[in-house]
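Residues per chain are reported as follows:
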Amino acid sequence: MTQGKFDITRYHPKTVYVTYIAATPEQVWQALTDPAFTRQYFGGLSVDVEPRTGGAFRLLYPDGRVHIAGEVIEWSPPRRFACTWVVEGMKEFGELPACLVTYEIERSGESTRLTMTEAHDWDVPKAILAGGAAGWPAILSSLKSVLETGKPLAVAMSMPDGMVEAIQKAVAEKPWLK
Amino acid sequence: MDAVFRALADETRRTLLDRLRAEGGQTLSDLCVRLAMTRQAVSKHLAILEDANLVATVKRGREKLHYLNPVPIHEIADRWIGKFERGRLDALADLKKALEEK
Numbered sequence: 001m002t003q004g005k006f007d008i009t010r011y012h013p014k015t016v017y018v019t020y021i022a023a024t025p026e027q028v029w030q031a032l033t034d035p036a037f038t039r040q041y042f043g044g045l046s047v048d049v050e051p052r053t054g055g056a057f058r059l060l061y062p063d064g065r066v067h068i069a070g071e072v073i074e075w076s077p078p079r080r081f082a083c084t085w086v087v088e089g090m091k092e093f094g095e096l097p098a099c100l101v102t103y104e105i106e107r108s109g110e111s112t113r114l115t116m117t118e119a120h121d122w123d124v125p126k127a128i129l130a131g132g133a134a135g136w137p138a139i140l141s142s143l144k145s146v147l148e149t150g151k152p153l154a155v156a157m158s159m160p161d162g163m164v165e166a167i168q169k170a171v172a173e174k175p176w177l178k
Numbered sequence: 001m002d003a004v005f006r007a008l009a010d011e012t013r014r015t016l017l018d019r020l021r022a023e024g025g026q027t028l029s030d031l032c033v034r035l036a037m038t039r040q041a042v043s044k045h046l047a048i049l050e051d052a053n054l055v056a057t058v059k060r061g062r063e064k065l066h067y068l069n070p071v072p073i074h075e076i077a078d079r080w081i082g083k084f085e086r087g088r089l090d091a092l093a094d095l096k097k098a099l100e101e102k
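Protein sequences appear in the order of chains V and R. With the first letter of the first sequence counted as 1, position 80 gets the number 80 in our numbering; the numbers rise by one all the way through. With the first letter of the second sequence counted as 1, position 61 gets the number 61 in our numbering; the numbers rise by one all the way through.
Isolated chain V, as found in the complex (with noise of 0.2 Å):
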């Protein structure tokens, strides 16, 4: 996969998350870049990324085996990150194409406004978005509490009913080649 392929118009946001939290842009974009931060608030997982446009994404499991591989698309420290995703680390998830997920950091008076956008370039089942829905809203509300208290919250990282049986459904049909 290369930049020069990748068209980022194709991508439509599905899901939106905005939190504010007591830090500058810098620490928000060091919580989200440094894995001594992530490990804390993502369920465990090491970030692992090339810091340039193009670069390699990872998210590792403690044991170093690979969850989340992608791309770095944008590179734009403090303020935008954005790369694609695919879940490597379980099986189910087999062919399904890559989303793009982007964080936005923006300071709002005293605080910093953080948004995290999840987009796909097919027109992806519910089911399917709600395992981000599950997990989203838990990992962001824990970024702002290891930011502000130092203290992570407790993020359940589990698939929502029917999500497995939505993955397999497509992983066969592959309605993204229609």
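Careful, some of the hints might be misleading.
[Unchecked claim] Computed cross-link-like contacts, BS3-like style, restricted to lysine-lysine with a CA-CA straight-line distance of at most 25 Å:
id	chain 1	residue 1	chain 2	residue 2
1	V	Lys91	V	Lys169
2	V	Lys126	V	Lys91
3	V	Lys126	V	Lys174
4	R	Lys64	V	Lys126
5	R	Lys44	V	Lys14
6	V	Lys126	V	Lys169
7	R	Lys44	R	Lys59
8	V	Lys14	R	Lys59
9	R	Lys97	V	Lys126
10	V	Lys14	V	Lys169
11	R	Lys44	R	Lys64
12	R	Lys64	V	Lys14
13	V	Lys91	V	Lys14
14	R	Lys59	V	Lys126
15	V	Lys178	V	Lys91
16	R	Lys96	V	Lys126
17	V	Lys151	V	Lys91
18	V	Lys178	V	Lys126
19	V	Lys178	V	Lys14
20	V	Lys174	V	Lys14
21	V	Lys126	V	Lys14
FYI, nobody ran anything at the bench for these hints, they're computed from the structure.
Here the structure of chain V is known, so what remains is to put chain R in place on it, guided by the hints.
Just chain R now, with coordinates in the frame of chain V:
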């Protein structure tokens, strides 16, 4: 947090959030369908929800797309529902759902 409770203390605004939960990325016109209310009134309700950070928006060309942002509600839940209660409450909610579906 006051803004969140104020925003939620209205039936129409809760209906708008339900609609956005069912389908993210709707425009003002989409949301006006089946609401017995002027476009202006719906727009005002959406502004209150946006100020409370319960609705996030994305500009796409000339359109503004609206999304449910549940993060503030999650933060409220975290304040009063701890790590250990959550599992038990989920179990109770599942039980209630299962019994009501019978």
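> Is the Cα-Cα distance between Lys91/V and Lys14/V 25 Å or less?
Replying inline: Holds, because 23 Å separates the two Cα atoms, which is no more than 25 Å.
>> Between the alpha carbons of Lys126/V and Lys91/V, is the straight-line distance 25 Å or under?
In response: The hint holds at about 20 Å.
>> Please verify whether Lys178/V and Lys91/V have alpha carbons no more than 25 Å apart.
In response: With Cα atoms ~23 Å apart, Lys178/V and Lys91/V stay inside 25 Å; holds.
>> Check the hint pairing Lys91/V with Lys169/V against an upper bound of 25 Å on the C-alpha distance.
In response: holds, 14 Å
> Does Lys14/V pair with Lys169/V here, judged by a C-alpha cut-off of 25 Å?
Replying inline: holds, 20 Å
>> Would the hint linking Lys178/V and Lys14/V be met if the CA-CA limit is 25 Å?
In response: Holds. Lys178/V to Lys14/V sits at ~19 Å (cutoff 25 Å).
> Is the straight-line distance between the alpha-carbon of Lys174/V and that of Lys14/V 25 Å or less?
Replying inline: holds, 19 Å
>> So if I understand the rule, the pair passes when the alpha-carbon distance is 25 Å or less; does Lys97/R with Lys126/V pass?
In response: holds, 20 Å
> Hey, Lys44/R versus Lys59/R, does the alpha-carbon distance stay inside 25 Å?
Replying inline: At roughly 18 Å apart (the allowed maximum being 25 Å), Lys59/R and Lys44/R satisfy the hint.
> Would the pair Lys126/V and Lys14/V pass a check requiring their Cα atoms to be no farther apart than 25 Å?
Replying inline: The hint holds at about 10 Å.
> Is the Cα-Cα distance between Lys44/R and Lys14/V 25 Å or less?
Replying inline: Status holds; Cα separation ~24 Å.
>> Please verify whether Lys126/V and Lys169/V have alpha carbons no more than 25 Å apart.
In response: holds, 13 Å
Violated hint for the displayed structure: number 17, the only one.
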